[in-house]
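> Residues per chain, in single letters:
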Amino acid sequence: MMDYLEMFSESLKTMAANKMRTGLAMLGIIIGIGSVIALVSLGQATSQSIQNQIESLGANLLTVEPGAARTGAVRGAAGGSTTLTNDDATAISNAISSGQINTVQTVSPEVSRRAQVTTGASNTNTQVIGVTPAYATVHKVDIASGSFITQRDVDGLARVAVVGPQVVSDLFGDGADPVGQTIKINGQTLIINGITVSKGGSGFSNQDDIVYVPLTTAQKELFGVSYLGSIALEAKSSDVMTDAQNQVGYFLLARHNISDPTQADFSILSQQDILNTASSATGTFTALLAGIAAISLLVGGIGIMNIMLVTVTERTREVGLRKALGAKKATVVAQFLIEAIILTVSGGIVGVGLGIVASYIIANLTSFPFIISLPAILLAFFVSAGIGIIFGWYPAKKASDLQPIEALRYE
Amino acid sequence: MATPIIKTDHISKVYRMDGTQTVALSDISFEIAKGEFVAIMGPSGSGKSTLMHILGALDRPTAGTYLLNNQNVEKLSDDQLADIRNREIGFIFQAYNLLPRTSSLANVMLPMTYGGIPAKGRADKAKKFLTMVGLGDRMDHTSNQLSGGQQQRVAIARALVMDPAILLADEPTGNIASDQAAEIMAIFQQLNEDEGHTIVMITHEPDIAQHAQRIIHVKDGKIVGDSRAHKQRKARKK
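Quick note, the sequences are listed as chains C and X, same order.
Going by the working numbering, the first sequence opens with residue 47, and the numbers climb by one from there.
Going by the working numbering, the second sequence opens with residue 51, and the numbers climb by one from there.
Hint data in this document are derived by calculation from the structure and do not stem from the laboratory.
A portion of the hints provided could be inaccurate.
Said to hold, decoys possible - The list that follows gives simulated cross-link-like pairs (lysine to any residue, SDA-like), each with its CA atoms no further than 20 Å apart:
id: 1; chain 1: X; residue 1: Lys84; chain 2: X; residue 2: Asn120
id: 2; chain 1: C; residue 1: Lys443; chain 2: X; residue 2: Gln130
id: 3; chain 1: X; residue 1: Lys272; chain 2: X; residue 2: Arg110
id: 4; chain 1: C; residue 1: Lys375; chain 2: X; residue 2: Asn120
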């Protein structure tokens, strides 16, 4: 019996002599494994990214919106309703203080419009939101420079603004720090007091393309309205979201003197509702990609199997010849097995590397998080390697059981 | 007659396929002495190749006994037969059967890989035999870069490299031009006369058979003639 080093070198010689066959088999393994890893990574990164974006809007968030009243046949356009007022927000705050509402911790009354924002040199059309300090807590807004809207700003109708990084780059150029400079909105001059930290992402609404002003300033000086666009509420925990929805709902129904909940002139949306919808959507997407990955694995596996099987005639003859020249059965089988192992393991390592590199490139191009799934790597590697080894070994085993002359004459 | 190196006793070979039986060899008995140069002749389908494969331990007979160097081949395991093929028999196939896309040198070294010859001496030994068959300048050529005659000579070098007592050649000149055939027969005669190799060769060409000392005729799976060569071979040493 030859030693294993000899068999190893004989296997390498055979592989080198049959570069086409070796290359094609390896290609099947590389593509099979690489595509599975890249697709699974893409699926997980996408759902993670969507989840991150939704959570960046604020966790445990409830939004009270005006104007779902079904009075008569005409339903008012969303945003055009005037049923939520500052007094509603104050009443909810008071109810929290008195313990009447015990599932909500922060109340953020808001009013927003799109408006043209100008400086001396440039201008941009963006979202202007009138807020109180509670907004930063509820929506998880962080300040990169300067400070956020304060209660004093709100009480004093201060002509100040806090701007998002997108607005900064649109108006002042990338990397500028315009704190202390002025902008004009609807003819009113406001001093920039702060810049928010980028929340990243574009998604359905760009969290960086926003100008924040004091709620009172927005209502009286900029938009000339007395009502609210919405009231955002932060529940105490994700477990009490439904309770919070109910408590606030009945509280406002009572305040608005509406006895039938179906006639409510407002609606309450839960962040969880949006998250659930998004999760089921991304879940479908991940399942789709996993399906494509499974097909890739199958196609790769069939590719490996085919290249191993189309050469079975030549390989059977080779086994016959080696036996005719004095190779023992176990030696020939071991040699072919070693060849299959070298082929699948080296192809597998290249495939795993390629899959990781592809995932990394996708993550960089899309700003998705870079996620590598170990189970996907292991599954892809072992399925491909298993197929490669079985179909490399089995024909050799079968051929080695024949008399040398039968194997040599195999057709 | 000297000690028989090959002795067959009522050998037969029957192929069964799809319920029909094909008798390839029936009741073959003969002896070949050490140092003989024997030609086996017969029309195609006569069973001469089957006989050769049995003599070369590449196949097993259906019935009868075959003694190779006084060892009963039927009683040997597959691995023992592999050793015999490696050390005692050099087989030259009609279709050459070289490893494709592999150099002449590597092809000739292959039996040594399986024969436990130390790796160090293999290349030198293979080169010696390739030079002997006149391919000293074609060592790195792969099989498909060689002509039929050159491939046949690589196969001869491969058959000789383990220094086997018996050389079995199945139509060694069947696929090659006549001038190359003459060269190959010259090599055979030299091996037989100078080195004392026992040679058994299948051929259907009478003038090739004339190089042998003895001609066995096979027809329909049976021996129909066994004669010493009448013509005195030229340059034969007494």
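> Are the hints correct? Go through all of them and say.
Okay, the hints, checked on the actual structure:
Distance hint between X/Lys84 and X/Asn120 is fulfilled; the C-alpha atoms sit about 12 Å from each other, no more than 20 Å. Restraint check: the Cα-Cα separation between C/Lys443 and X/Gln130 comes to about 18 Å, which is no more than 20 Å; the hinted pair holds. Distance restraint check for X/Lys272 and X/Arg110: the Cα-Cα separation of roughly 17 Å lies within the 20 Å cut-off, and the hinted pair is therefore satisfied. A C-alpha spacing of about 24 Å is found between C/Lys375 and X/Asn120, which places the hinted pair above 20 Å, so the restraint is violated.
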